[in-house]
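One letter stands for each residue in the lines below.
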Amino acid sequence: MDDTVDRPRSAFSRRSLIAAGTAGLAVPAIGAGVALTGGTAKAFAGVTKKITIYAEALPGGLFGYGLEPGKATVPGPLLEMYEGDTLEITLVNTTTQRLSIHPHGVDYSTDSDGSPFNDSFNDPGETRTYVWRSREMFAAAGRRFMPGSAGYWHYHDHAMGTDHGTGGVAKGLYGGLIVRRRGDILPDKQFTVVFHDMTINNRMAPNTPMFEANLGQRVEWVAIGHGNLFHTFHLHAHRWVDNRTGMLESVSDPSPTIDNKDLNPGSSFGFQVLAGEGVGPGAWMYHCHVQNHSDTGMSGVFLVRNADGTMPPGAQEAIDRFRGHTHTTTTSKTNDAHGGHG
Amino acid sequence: MDDTVDRPRSAFSRRSLIAAGTAGLAVPAIGAGVALTGGTAKAFAGVTKKITIYAEALPGGLFGYGLEPGKATVPGPLLEMYEGDTLEITLVNTTTQRLSIHPHGVDYSTDSDGSPFNDSFNDPGETRTYVWRSREMFAAAGRRFMPGSAGYWHYHDHAMGTDHGTGGVAKGLYGGLIVRRRGDILPDKQFTVVFHDMTINNRMAPNTPMFEANLGQRVEWVAIGHGNLFHTFHLHAHRWVDNRTGMLESVSDPSPTIDNKDLNPGSSFGFQVLAGEGVGPGAWMYHCHVQNHSDTGMSGVFLVRNADGTMPPGAQEAIDRFRGHTHTTTTSKTNDAHGGHG
Amino acid sequence: MDDTVDRPRSAFSRRSLIAAGTAGLAVPAIGAGVALTGGTAKAFAGVTKKITIYAEALPGGLFGYGLEPGKATVPGPLLEMYEGDTLEITLVNTTTQRLSIHPHGVDYSTDSDGSPFNDSFNDPGETRTYVWRSREMFAAAGRRFMPGSAGYWHYHDHAMGTDHGTGGVAKGLYGGLIVRRRGDILPDKQFTVVFHDMTINNRMAPNTPMFEANLGQRVEWVAIGHGNLFHTFHLHAHRWVDNRTGMLESVSDPSPTIDNKDLNPGSSFGFQVLAGEGVGPGAWMYHCHVQNHSDTGMSGVFLVRNADGTMPPGAQEAIDRFRGHTHTTTTSKTNDAHGGHG
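Chains as they are written, first to last, in our numbering: chain C, 39 to 380; chain V, 39 to 380; chain B, 39 to 380.
Hints are computed from structural coordinates only; laboratory data are not their basis. Hints may contain errors.
Identical copies look the same in the list; a pair holds intra-copy or inter-copy alike.
Unchecked claim - In silico lysine to any residue, SDA-like type, Cα no more than 20 Å apart, as pairs:
id	residue 1	residue 2
1	K87	E355
2	K87	T42
3	K88	D226
4	K87	G316
5	K88	F176
6	K227	G347
7	K87	T165
8	K227	A179
The structure presented is a predicted model; accordingly, all values stated were derived computationally and were not measured.
Generate the whole structure from the sequences, applying the supplied hints.
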């Protein structure tokens, strides 16, 4: 599945690129109640990771980014790095159109801006290198800190069609980018979900991604907004903290817990949930909560299997109803058994 | 007033249902600067409260939820529980349409999902039980915690009209749900305000709810968004912290203080203010700050009476102007005295 | 530049009005890890500052607020005060239309509400005084505090055209308002950026404001939303913390770091960045990330000069491309050199 990354604990899959930090480097404990002796965060000497990304035309007029030739997907690969590390991306433009790669959240010079404004893009057929750096927080004044790069970010084209990459974004040139602090909890699985105009990952129900996990797996969602419309992302039966990690950073973390969040163009957020925790396995919906968006195709399935990977009771029936999706009718349960989702 | 709950301190009115916790159970003190000796929050053995909700047709094509037959309102009753408690809701569908009740923020199994997708709804005339559980935060790893259920949530139909309950939501099948942490400050009065398409609680000015309190009363607002449009909720002369409770959780709480917040479909938030604190009694506006929304009916009155309940100078005149609301004209003050709001 | 305030450190320019606090008054240290001995914030006896604001008609059908006759701008002057202080504003209406000034975030009585609803506005030619008070946080119960006034706020007309000031806001009657806590870090420069329907500060690209700073200068952005449309504010190559100050308030501050934020009608936020820090000098874009908004004029330039004020390589070329902005074409780099931005 293009939008899902499976990974064993403490490891990163081929799809999920980490600019890995030097092993064994201690990270200062951070949390409420910790005495700040120095007042500054410890600087970290990061590493540089080099990757190649191929921008390619796809069937149906789409375009995608991929880590190997012929493997482009929508969304593109989920990229990851630790604060302090650098990602050096060689972008191969295999298409006949101008395009680029523009990141959110990380540091880059004007020549890696990815914008025509800064003359930073790939002409058709051109190969060009973009450098993304990251950093840890650093002292500002008093007890304050200028922020580091850690966050749930994203990248996208900024050159196809218009100076803002509207054409490239519309056709699928986007993906997720995670910058972690050392010490952040790593997930078992990762899902990238892009609310983009009336689509999810440029697809509409019932062809939207079905994300799957086993009961209790730690699942990381990276949610990204694109296009021209406003959206709200809702996940059934799971919730997260509206802060940097989606978890309470301490018992005194004041952040609210939510299960519905604005997901508008250019914004992104992420969080981790334990699949089915407290609610059990089953087929759970995720959808845009703008009613006419969900009704016309912006919904999908988060399938939480039993812990052993088998299907829980009722889940296949729910998926079948979803796949027979007819969005506007009102049908009684009697008919539902042999009919559509509605 | 359907959207207002009056309650003596430390008690809950009939309208405001609390799945009350066992009295006398100590809650661990939580706050910045507190040494975290254990690193985990204390588990709480919750209680189960059973209630019956009646879904009924109302005049004007509306539908509502109510706690007694013939008492349905728009919005429905404000429901409350403490983290750890369970609410068992028997939903009686007195209507001729398919409908359900779907909560945000709490735990439920697929058969309490309230969605046709999970075959979880009431056929016309059917009675069905939905179980909502809640929980306290629990340790994740390091100093992090997976969140508990505490929050300002809401519930709504997820089955009438479409699979997402668009028809039921459009007609008024929605209400507020509060899950509190033990130790949370209880209010004197509670208001539920739903921004729903071009209406507030399915009403337009000057027929929008007039919320009333006496100077100094602790008033809790539960704000909910529904429908197809984006909104921003603004309250005059009062402000709140954009975190879980609306108050600073400590002097070092970094959350911003705001008086205008996005209120989009499926989202909700809540906060407490001291009525008229620092500004005095009077008639204060609340409204959507999207200009053409406020101009065409999305505004209402928060009447802060004197501490003894009497009307402050000028308040009745303001209300009269509001009730004679003509939204688009420009009138001088001379005419205002005998003319409309504008 | 009307939307920029230049100021030497520790001082405030004529344009940036501070209701200055009594010098030498100690501010209690606030931050995570600080022992709260008293549990309450120390009250501060504020000062009162009196200013006069002139509301004037401007060319092109616009209106503006100014601190001197004939000096009105869009947006109006950036106003500042410290928590505890009072601003007494004499508003001179030099126009032929009803108008007012309505603030967000501060305390005011009904007669300073700025709304026709409260009979609080200036008739054509009328002079009227509005009083804005502010306050520090104060203890609520337990460890909680009711919030003070500190924040990145704004003010606007609430009377021209409609009861909500839609006509005045549409024509430019808006500006920024900062309430600081004592101890907050002061910036070197300040920018006010208002996303208002399809414009930035009522201008469209390439005539949108070009904000300028030298490398390393501490720059404060005050972002305000107005009108009828939803927007997202994105700044290239810089990021901020989504909390009260835009900086991490401690190493344990859980707030996320972002570079794209919803900026909807009536909302405002602010943050400080070090110009070009970690990315170098250059011409950086800021824009609405709603694609058709950026494509049709909602973008501008943040010019980060070299530390000595000279132009960095490539910056003028980028600005020239921007000024030759043609938003919809796709042009190769070869043509870009002599052609437009796109």
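Which holds for K87 with E355 at a C-alpha limit of 20 Å: within a copy, between copies, both or neither? neither (45 Å within a copy, 31 Å between copies)
Since the copies are identical, ignore which copy is meant and state whether K88 and F176 lie within 20 Å (CA to CA) inside a copy, between copies, both or neither. neither (26 Å within a copy, 39 Å between copies)
First find the shortest C-alpha distance between K87 and T42 inside one copy, then the shortest across copies, and answer within, between, both or neither for a cut-off of 20 Å. Result: close neither inside a copy nor across copies, 22 Å intra and 40 Å inter.
Given identical chains, is K88 near D226, meaning Cα to Cα at most 20 Å, within a copy, between copies, both, or neither? neither (24 Å within a copy, 38 Å between copies)
Under a CA distance limit of 20 Å, which applies to K227 and G347: within one copy, between copies, both, or neither? within (14 Å within a copy, 49 Å between copies)
For K87 and T165, with the copy left unspecified, which applies at a CA distance of at most 20 Å: within, between, both, or neither? within (18 Å within a copy, 60 Å between copies)
With 20 Å as the alpha-carbon cut-off, assign the pair K87 and G316 to within, between, both or neither. between (39 Å within a copy, 18 Å between copies)
My question is about K227 and A179: at a cut-off of 20 Å on alpha-carbon distance, are they close within one copy, between copies, both, or neither? between (39 Å within a copy, 17 Å between copies)
Comparing the model with each numbered hint stated earlier shows that hints 1, 2, 3 and 5 do not hold.
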